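Engineer: Starting from the known structure of chain A, fit chain P onto it as the hints suggest.
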Amino acid sequence: MTAQRLIQNFRGMRGVLWGGPTMAAETLQATLVRLGMTPVRMQDIDAQALDCGRDVLFVDGDCSLDPALIGHAGCTVPRAPAVGLVGVEAPSRLRALSDLGVTAFLRKPVHAAAVYSSLFLAVNGYRRLRNLELQLAEHDRRRRGRRFLIKAVVALMQASGMTDDEAYAQLRRESMRLRMGVEDYAEMLVLRPGASLTATDDTRTITQERTDGTEQDDACSGHGDGRGLGDTADSQGGGADQARCA
Amino acid sequence: MLFSVDGPYGVVSRSMLNGALLAIEQVNATHGATIRLKPIVVNPAGDLARYSSLCIGLLSQGVKHVVGCYTSSSRKEVIPLFEKADALLWYPSHYEGFECSENVIYTGAVTNQHVLPLADYLLERCGRSAFCIGSNYIWAWENNRILRERLAASHGTVVAERYFAVGDTDFAQVIAAILHARPAFVFNTLIGVSSYCFLRDFRAACAACGVDQAKTIPVASCTLSEPELEAIGAPAADGHITASVYFSSIPDAANVRFTDDYAARFPGGPVVCADAEAAYIAVRLLALALAATGGRTDVAEVKHAVTQVVVDAPQGAVRIDPETLHAFLTPRIGRSTSAMRFETLAQAPGPVRPDPYLIWNSPRFWTAASPPALRVAS
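Residue numbers (my numbering), protein chains in the order written: chain A, 27 to 272; chain P, 41 to 418.
Pulled out of the complex, with its shape left as it was, chain A reads as follows (with noise of 0.2 Å):
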């Protein structure tokens, strides 16, 4: 798997700080200036349109503020990085830092020398977050995918007498050739009435009825996800970024 690549310039991302209107962020705004950023403040713009590859939320700990006003559906991790701003070190504060999800903490009063380092470890740890998250989704959608896959394994071995290795071997060629995950394509196999599962002729029927876009609707069902046909399982590692938080 590919490292994840860290981000150390910050140049054209937006600070978005709350804190209530009497919040006193001379030091940290004038700081994010100076790394190129542009502070702004949560009230002054929509919270729905967060955008994680734009936006870093500075939440003051003192200040509280819903969870669901920068939650993601489905995400543990907020709709952009964090920075948990502590004045009082009450674990009934921190505790609610944590549970925006942020990834790093800031000391009140602001010290203009550890913004940096603060918003490095906030935006850098996210995106580690949020990728790990997306892996493990995609592995559970996976997963649940596997029963698919037995049972066209075992549909395969009864109707042409394969062994369970020559019957995986097939579908696995074909799901390459048509640039799916196998899961998928032993679900579109199981789930699609009346398919056959015996001959490569078959198969290339079925293949040339998704090319087609006729069976569309009945190849997804089960799916949910709406993932089209160029979304290979095996190339959902460089694409999670862009998956489910966009």
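Just so you know, these hints were derived from the structure itself, not from any lab.
All values derive from a computational prediction rather than experimental measurement.
One or more hints might be untrue.
[Unchecked claim] Calculated lysine to any residue pairs in the SDA-like style (CA-CA distance at most 25 Å, straight line):
#	chain 1	residue 1	chain 2	residue 2
1	P	K255	P	A294
2	A	K177	A	A140
3	P	K116	A	A140
4	P	K78	P	Q348
5	P	K116	A	K177
6	A	K134	P	S141
Structural biologist: Just chain P now, with coordinates in the frame of chain A:
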């Protein structure tokens, strides 16, 4: 004045102190001057603990403005003291950036004014493989990282990085490794006596192998200066490439006046160098700022005032960027000569804006080092 005129980097520090003292004398001698500067000189002798104790002593006396420090480790050591006392450190040396203290005015060059122009020059003129050798602290680590990124972006390679403790002088093994690797150039971030010994020994080792070191494996750095060439000595002083915002050989009238005044005031040396000029600039800027505040030493007032003035420095016009408190300076590339000076090989068309966090001069993503060509098989 906080300079380690003794210790491993005493030669450069003496030159820096001289530059600062010359500026003070010129300010005090100015006809109609509204301010008068009185220097208090202390010498930590390169000992980090003494930097702290001496600063505490100065600041507790009510001193508000200190010109000094050479190494980043000494600067990092004293910055908290200046922040606590709300005083101002005027830091007159080139360094590796990634810092913007509200209590420091930086008059030396940062990375986009030294190592980046040097890397571009070396890639264009020398080749794409580098052997990095440095003193084991932040200056070397960070400059090597930046050079590595620049080389990687141009499909170049760093064949090796070797670090030595400050003050180390035994380089026989690493010199053998360099001769074996035959890089296009050596990037030298050693400081003080370590650098002088390395350059002498490397030149001698190359000569023993029949290699013209300066032409075949040139040594490049962002630190080598005129007084250090004298410390290296004639047989090994020439042919080294250096990035600097100032060389004493700059032919402009302002620099001729400066070098003449310096030589007259300090005939025993050390000769003037970039860090001496940076110390000179720091004092001149301080004086201009104090004149603008009517002599009030309040840090906030002086900081504001210093961003409003321009000093006609030996290297050209210099001013302070209000956003970062770093100086606009003019990068140059030079090559040392047997006369213990530098000939200018390339020069920026004008002062370059400081970019201490490299927000305009580095890629968004960290550049990974090239994978090794060989893998451990067993």
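Engineer: It remains to establish, for every hint, whether it holds in the given structure.
Structural biologist: For each hint, the structure was consulted:
1. Of the supplied pair hints, the one linking P/K255 and P/A294 is violated, its CA atoms being roughly 33 Å apart against a limit of 25 Å.
2. For the proposed pair A/K177 and A/A140, the alpha carbon gap of about 56 Å is over 25 Å, so the pair is violated.
3. A C-alpha spacing of about 13 Å is found between P/K116 and A/A140, which places the hinted pair at or below 25 Å, so the restraint holds.
4. About 24 Å separates the Cα atoms of P/K78 and P/Q348, which keeps this hinted pair within 25 Å; it holds.
5. Restraint check for P/K116 and A/K177: not satisfied, since their Cα atoms lie roughly 66 Å apart, outside the 25 Å limit.
6. Of the pairs offered as hints, the one joining A/K134 and P/S141 holds, with about 17 Å between alpha carbons and a cut-off of 25 Å not exceeded.
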